[in-house]
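Enquirer: Residue numbers (the working numbering), protein chains in the order written: chain A, 430 to 670; chain B, 89 to 345.
It is worth saying that the hints were derived from the structure and are not from the lab.
Hints should not be assumed to be uniformly reliable.
What the hints assert, rightly or not - Result set (BS3-like, lysine-lysine): computed pairs, CA atoms no more than 25 Å apart in a straight line: (1) B/K321 x A/K530; (2) A/K540 x A/K530; (3) A/K530 x A/K554; (4) B/K321 x B/K132; (5) A/K554 x A/K540; (6) B/K132 x A/K554.
As the list claims (entries may be wrong) - Okay, the calculated bits of chain A under chain B, using three or more residues with CB under 8 Å as the criterion: (7) 448 to 460; (8) 543 to 551; (9) 647 to 661.
Ideal Cβ positions, reconstructed from N, Cα and C, are used throughout, including at glycine.
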Amino acid sequence: MISVTDLHLSFGQNAVLRGVDLEIAQGESLVIIGGSGSGKSVLIKTILGLLTPDEGQVTINGTPRTAAFMSSIGMLFQGAALFDSLPVWQNVAFRDLRGPKRQDARAHAVKVLAEVGLGPDVADKYPGELSGGMQKRVGLARAIAADPDVLFFDEPTTGLDPMMAGVINALIRRVATDRGATAITITHDMASMHAIADRVAMIHEGRIHWQGTLAELETSDDPHLRQFTSGGADGPIQPHW
Amino acid sequence: MRFLAALGAAVLAALASIGRFSMFIAHTFARAVRRPFYAAAFGKALLQIGFFSLPVVGLTALFTGGALALQIYAGGSRFSAEAVVPQIVAIGVVRELGPVLVGLMVAARVTSSIAAELATMKVTEQIDALHTLSTDPMQYLTVPRVFAATLVVPLLVAVGDTIGIFGGYLISTLRLDFNPASYLQNTVDFLEMRDIISSLVKGAVFGTIAALVGCYYGLNSDRGAIGVGVATKGAVVAASVLILAANFVLTEAFFST
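Looking at chain A on its own, in the form it has when it is part of the complex (with noise of 0.2 Å):
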């Protein structure tokens, strides 16, 4: 279970995180939405420990997260965040690239990359030379690699055409069911989120507006809610223009 308590976090004046409650279930699939801006990239960063909270703290199982929890998580980033100056096995097996399991790195990286749809012959490639979906498919790759318990996605889906955002959605929805893992996914395309959630948390003005499950959504009459999942303008969201 990962709680998060009255989180708060300000960039000089920009107060982007108002008091953010928040808990996630082991093995569920959550999916935070919410309109550019809001601080779900935030969010999740100040989950993970990138960023430090102003206030407010982030509990694993009821204890303060500690470095170890880096080692089990995986996440893929918007833009996939691949290292350019190396090939995509060692991308994937980067956690292997030392210690004992060295060896059997690239093998196991192979073996991953197969597990996204990707064959032998992308291993020895650099970042550079693939597309931006299959870019997606190595980071996915590199997240899932080392097994992880919780698993974090950043917009999965952005930049890429519906086609490889549904291959993308039904991977990480398939690698989280598999594997029994905790994924949490911000995004703001709604099919992604469908495909996606087992319940889905709104963030508005630094704050989790709504949650609920997929079935809670479909009915719920909250204007936030409807006026963001609908794509209208008028409403009581007011976008940053």
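Using the hints, position chain B against chain A.
Expert: Showing chain B alone in chain A's frame:
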């Protein structure tokens, strides 16, 4: 009053920058004695900083040595002291021009490259990705580069010194009619071990500065393409100024009487 406030703010900002950079240096050296050590990254940095800098260092040293010989000859002829060309070329190149020019070339080529690479990694979230892969970015990115630069820049300086002296030798023997054998003999006789040691120590210090500054600016860059540009420019300027300042301090330490 407004001027004093602006001056105070500028001084405070400068002191804060010095403090942040000092902390960065302390963190780097603390990690340098800790495991893991990334040997592959170190090897790659040795090649990038050392081997691939050889052409620019060689050409710079060659032309500078030649120009120095011409200048000393022209200046010395005013006092009938043309014969001191080999000695002054040797001392000038080994004590000052070799290490300083190599340091500045490394700042231009290596510091800029490190700053741009690391800033781009930050912009594209590769630094965050390292964190999520249980890897300390400073340990993985900074320590190998600083180690490599500290070790390899003295070697570049040695190569630069040799080629610089050779440049002076070429001009002196081909153009100024010096006797080749006596030119070399004068060079060897005049140089002291202290000159060579000071040259290599300067190389090590300049290499450390070049890599540290590049890493500091790269890892602390702002987001976006402008952030990368600002980091790169700032790194080259800061490294060049620090190298020249360090050169003065080291010259004072080695040669003050």
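Enquirer: Would you mind marking each hint as holding or not holding in the structure?
Expert: Hint by hint, here is what the structure shows:
With a CA separation close to 41 Å, the supplied pair B/K321 and A/K530 exceeds the 25 Å bound. For the proposed pair A/K540 and A/K530, the alpha carbon gap of about 14 Å is at most 25 Å, so the pair holds. With a C-alpha separation of about 22 Å, the suggested pair A/K530 and A/K554 falls inside the 25 Å cut-off, and the hint holds. At most 25 Å may separate the alpha-carbon atoms for a hinted pair to count; B/K321 and B/K132 meet this at roughly 24 Å.
Distance restraint check for A/K554 and A/K540: the Cα-Cα separation of roughly 16 Å lies within the 25 Å cut-off, and the hinted pair is therefore satisfied. For a cut-off of 25 Å, the pair hint linking B/K132 to A/K554 stands: about 18 Å separates their Cα positions. For the stretch 448 to 460 of chain A, the proposed coverage by chain B is not satisfied: 0 residues have a C-beta within less than 8 Å of a C-beta in that chain, short of the threshold of three. Given a C-beta distance limit of less than 8 Å, the hint that chain B covers the stretch 543 to 551 of chain A is violated, as 0 residues qualify and 3 are needed.
Coverage of the stretch 647 to 661 of chain A by chain B is violated [criterion: at least 3 residues with CB-CB distance below 8 Å; count 0].
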